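A.B. asks: Chain residues, written in single-letter form:
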Amino acid sequence: MSNTSTVRAEKGTMKTIDLASETVTDLNHALHEQANEMTIEEWEVLNPKGHHNLAVGVDQKLKIDIHGHAGYYCAGMNKEAEITIHGNVGQGVAENMMSGKVHVKGDASSAAAATAHGGLLVIEGNAGSRCGISMKGANIVVKGSVGHMSCFMGQAGALVVCGDAGDALGDSLYETHIYVKGSVKSLGADCIEKEMRQEHLDELTSLLDQAGFDDDPKAFTRYGSARQLYNFKVDNAGAY
Amino acid sequence: MSEKKKPTTELRESATFDRSTMAEIRRAADTGIYDIRGWGAKRKLPHFDDLLFLGASMSRYPLEGYREKCNTSVTLGTRFAKKPIVIDTPVTIAGMSFGALSANAKEALGRGASAVGTSTTTGDGGMTPEERGQSSKLVYQYLPSRYGMNPDDLRKADAIEVVLGQGAKPGGGGMLLGQKITDRVAKMRTLPMGVDQRSACRHPDWTGPDDLAIKILELREITDWQVPIYIKVGATRTYYDVKLAVKAGADVIVVDGMQGGTAATQEVFIEHVGIPTMAAIPQAVQALQEMGMHRKVQLIVSGGIRNGADVAKCMALGADAVAIGTAALIALGCNDPKYDAEFKAIGSAAGFYDDYHEGRDPAGISTQDPELSKRLDPVEGGRLLANYIRVLTLEAQTLARACGKNDLRNLEPEDLVALTVESAAMARVPLAGTSWIPGQQTY
Chain A
1 MSNTSTVRAE KGTMKTIDLA SETVTDLNHA LHEQANEMTI EEWEVLNPKG HHNLAVGVDQ
61 KLKIDIHGHA GYYCAGMNKE AEITIHGNVG QGVAENMMSG KVHVKGDASS AAAATAHGGL
121 LVIEGNAGSR CGISMKGANI VVKGSVGHMS CFMGQAGALV VCGDAGDALG DSLYETHIYV
181 KGSVKSLGAD CIEKEMRQEH LDELTSLLDQ AGFDDDPKAF TRYGSARQLY NFKVDNAGAY
Chain B
1 MSEKKKPTTE LRESATFDRS TMAEIRRAAD TGIYDIRGWG AKRKLPHFDD LLFLGASMSR
61 YPLEGYREKC NTSVTLGTRF AKKPIVIDTP VTIAGMSFGA LSANAKEALG RGASAVGTST
121 TTGDGGMTPE ERGQSSKLVY QYLPSRYGMN PDDLRKADAI EVVLGQGAKP GGGGMLLGQK
181 ITDRVAKMRT LPMGVDQRSA CRHPDWTGPD DLAIKILELR EITDWQVPIY IKVGATRTYY
241 DVKLAVKAGA DVIVVDGMQG GTAATQEVFI EHVGIPTMAA IPQAVQALQE MGMHRKVQLI
301 VSGGIRNGAD VAKCMALGAD AVAIGTAALI ALGCNDPKYD AEFKAIGSAA GFYDDYHEGR
361 DPAGISTQDP ELSKRLDPVE GGRLLANYIR VLTLEAQTLA RACGKNDLRN LEPEDLVALT
421 VESAAMARVP LAGTSWIPGQ QTY
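Quick mapping for you: the protein sequence lines, in order, are chains A and B.
Residue 1 is where the first sequence starts when you use the UniProt record's numbering, and the numbers rise one by one after that.
Residue 1 is where the second sequence starts when you use the UniProt record's numbering, and the numbers rise one by one after that.
Hint data in this document are derived by calculation from the structure and do not stem from the laboratory.
Remember, it's a predicted structure, so these values are computed and weren't measured experimentally.
C-beta atoms are modelled at their ideal positions from N, C-alpha and C, and glycine is treated no differently.
Where hints are given, some of them may not hold.
Heads up, incomplete: computed chain B residues facing chain A, CB under 7 angstroms, no partners named [stated by the list, open to error]:
no., residue
1, S20
2, P204
3, D210
4, A213
5, I214
6, E221
7, I222
8, I437
To give a feel for the contact side, a few chain A residues facing chain B, derived at Cβ under 10 angstroms [as the list claims (entries may be wrong)]:
no., residue
9, L19
10, S21
11, H67
12, H69
13, Y73
14, A111
15, T115
16, I133
17, I192
18, D235
Take these sequences, add in the hints, and give me the full structure.
C.D. replies: Quick look at the structure:
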């Protein structure tokens with residue numbers, strides 16, 4: 001931690017960690033230490049250079065800005081913190097997030113917000129395959145497009161796609177709400193187009209607002225589970 | 001004068017199409033659905049009964065039973081974790097979920113394990129407060145479904161077990177049918193009540209050993225490198241899987257053979273996928289030895305462990321510890337003859353019951369029915385399990401002392417011989433009375 005600089009910022013104390021000279025473990029340990037005493041609320045991470053596991057397991061209301069590209073599992077299991085990545089992220093950004101907000105200024109690789117239970121993931125660019133796989137209550141808003149098998153086995157929460165969706169969207173879906181503005185290459189097993197009622201327009205409007213996007217909610221189509229595969233029936237064998 | 005009876009041929013049952021096989025054909029034809037059940041492989045397999053110990057005589061001298069110490073404690077997770085787990089007996093409790101089992105059963109497992117200083121393990125469905133509260137050493141499973149997975153529970157765990165598969169269904173995910181998805185189970189798993197839950201068979205955010213190495217680092221970072229990280233695999237290509245698990249950064253590797261139980265999966269999976277536990281251990285040990293990691297990365301073996309002899313044989317083949325699942329449930333009362341009439345009422349019989357997925361277990365163990373669950377007193381269940389583990393430990397010590405070993409982990413393959421050619425080949429020990437190990441060159 002020798003090169004960590006502490007500087008005064010307008011809204012309190014800000015700490016800068018430069019990964020050119022410190023380790024990922026140093027960073028995460030420093031962030032976890034804040035669990036005991038909220039001494040530093042704002043954090044700046046320099047030179048991430050695609051390192052994996054940046055800012056994982058944070059469980060306090062910290063504001064963390066990562067300046068550059070991040071590798072796998074950035075902001076994994078986030079709870080409470082607001083984490084912004086000023087670059088692209090690798091696989092599994094915000095995986096299993098519980099709450100808080102993760103904002104990716106660039107593109108995200110596959111499995112973004114996989115199994116996430118809560119919180120909001122905003123991706124300004126595109127997301128790769130399996131975006132929102134097995135999501136359990138988080139909300140995801142993607143300004144660009146998402147890859148194939150997105151929302152596979154999605155259980156709860158909402159996925160908003162302002163661009164297009166790839167093959168097999170929402171395959172084996174449970175109760176996640178999916179909203180897509182552009183085209184959908186194909187729908188997965190048991191995923192169907194559904195009526196956009198007022199409650200859904202309200203939800204979508206709120207999510208777009210939270211993400212800071214000005215897309216017209218009425219331009220989106222809603223998709224959800226047909227709930228035909230919830231219980232095994234031999235007549236559905238062809239769908240498995 | 002009586003008429004002479006003409007000789008006739010006897011009725012002859014087909015070995016290929018026996019009555020059980022024909023019954024399954026008729027059942028499949030009637031329903032159009034494969035059979036789902038719990039338990040592990042029921043077919044006869046080469047197993048530890050096919051191995052014998054060579055007790056001490058002239059060329060070795062034994063230790064005095066009850067007088068000379070024979071250590072049973074094992075430390076797990078010495079490779080990277082700041083806080084390895086120390087268990088007083090090498091017999092641990094395997095992962096079984098709340099959902100598959102009642103809350104009382106999970107609590108009983110925790111109580112029993114804690115009473116004898118060993119660990120118990122969560123399952124597909126997250127950690128319950130009852131289980132954490134009653135388990136002095138709790139291993140938290142990290143499964144493909146990530147049901148109930150949260151960082152707070154992760155940090156409460158004494159170890160993390162990344163589950164890639166299990167012996168009863170390597171390559172398959174968990175299954176919990178609608179009748180067991182009660183309100184509490186549904187909430188813990190974020191699922192609609194009554195849904196037939198089929199867990200994912202692959203992890204959602206990594207796809208191979210290189211990715212797994214990064215995932216393990218993430219778990220270490222989140223827990224500040226405090227607790228050991230296990231990798232659990234179903235026994236199949238064990239030699240390669242163990243090498244990859246070591247490379248991925250495991251502290252401990254759990255290998256579960258095909259006799260290992262499950263709460264529910266397809267019968268065809270249970271009986272036709274995987275390899276016997278006995279065959280997997282030498283592969284795992286060879287992989288560890290070739291990497292210079294035997295005893296540095298600890299090996300836990302599970303799948304069909306029933307008595308202290310099985311424990312001692314696993315350790316002689318090179319395991320550091322074992323895990324029990326089915327046997328632990330039997331100790332709690334699973335398939336107890338006192339419920340025979342009730343088992344028969346649901347189309348089974350005591351000693352045969354394996355329809356755990358139906359949630360109607362008269363013993364109150366593999367059920368979410370509140371009335372049935374009450375039949376298992378977690379305090380009494382804990383006492384029974386603790387006693388059982390004590391017997392396993394004492395039996396293993398007895399055998400180790402007879403072989404002149406003052407630590408269970410000092411048992412070695414040289415202490416064993418095999419009764420059959422198959423078991424000699426699989427366990428890589430000589431056929432009894434010979435120096436022949438099939439498949440190995442002799443000099």
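A.B. asks: Against this structure, judge whether each hint is valid.
C.D. replies: How the hints compare with the structure:
{"no.": "1", "hint": "S20", "in the structure": "violated, 23 angstroms"}
{"no.": "2", "hint": "P204", "in the structure": "holds, 4 angstroms"}
{"no.": "3", "hint": "D210", "in the structure": "violated, 10 angstroms"}
{"no.": "4", "hint": "A213", "in the structure": "violated, 10 angstroms"}
{"no.": "5", "hint": "I214", "in the structure": "holds, 5 angstroms"}
{"no.": "6", "hint": "E221", "in the structure": "holds, 5 angstroms"}
{"no.": "7", "hint": "I222", "in the structure": "holds, 3 angstroms"}
{"no.": "8", "hint": "I437", "in the structure": "violated, 44 angstroms"}
{"no.": "9", "hint": "L19", "in the structure": "violated, 13 angstroms"}
{"no.": "10", "hint": "S21", "in the structure": "violated, 18 angstroms"}
{"no.": "11", "hint": "H67", "in the structure": "violated, 20 angstroms"}
{"no.": "12", "hint": "H69", "in the structure": "violated, 15 angstroms"}
{"no.": "13", "hint": "Y73", "in the structure": "holds, 4 angstroms"}
{"no.": "14", "hint": "A111", "in the structure": "holds, 4 angstroms"}
{"no.": "15", "hint": "T115", "in the structure": "holds, 4 angstroms"}
{"no.": "16", "hint": "I133", "in the structure": "holds, 4 angstroms"}
{"no.": "17", "hint": "I192", "in the structure": "violated, 17 angstroms"}
{"no.": "18", "hint": "D235", "in the structure": "holds, 9 angstroms"}
Hint compliance for this structure: hints 1, 3, 4, 8, 9, 10, 11, 12 and 17 are broken, all remaining hints hold.
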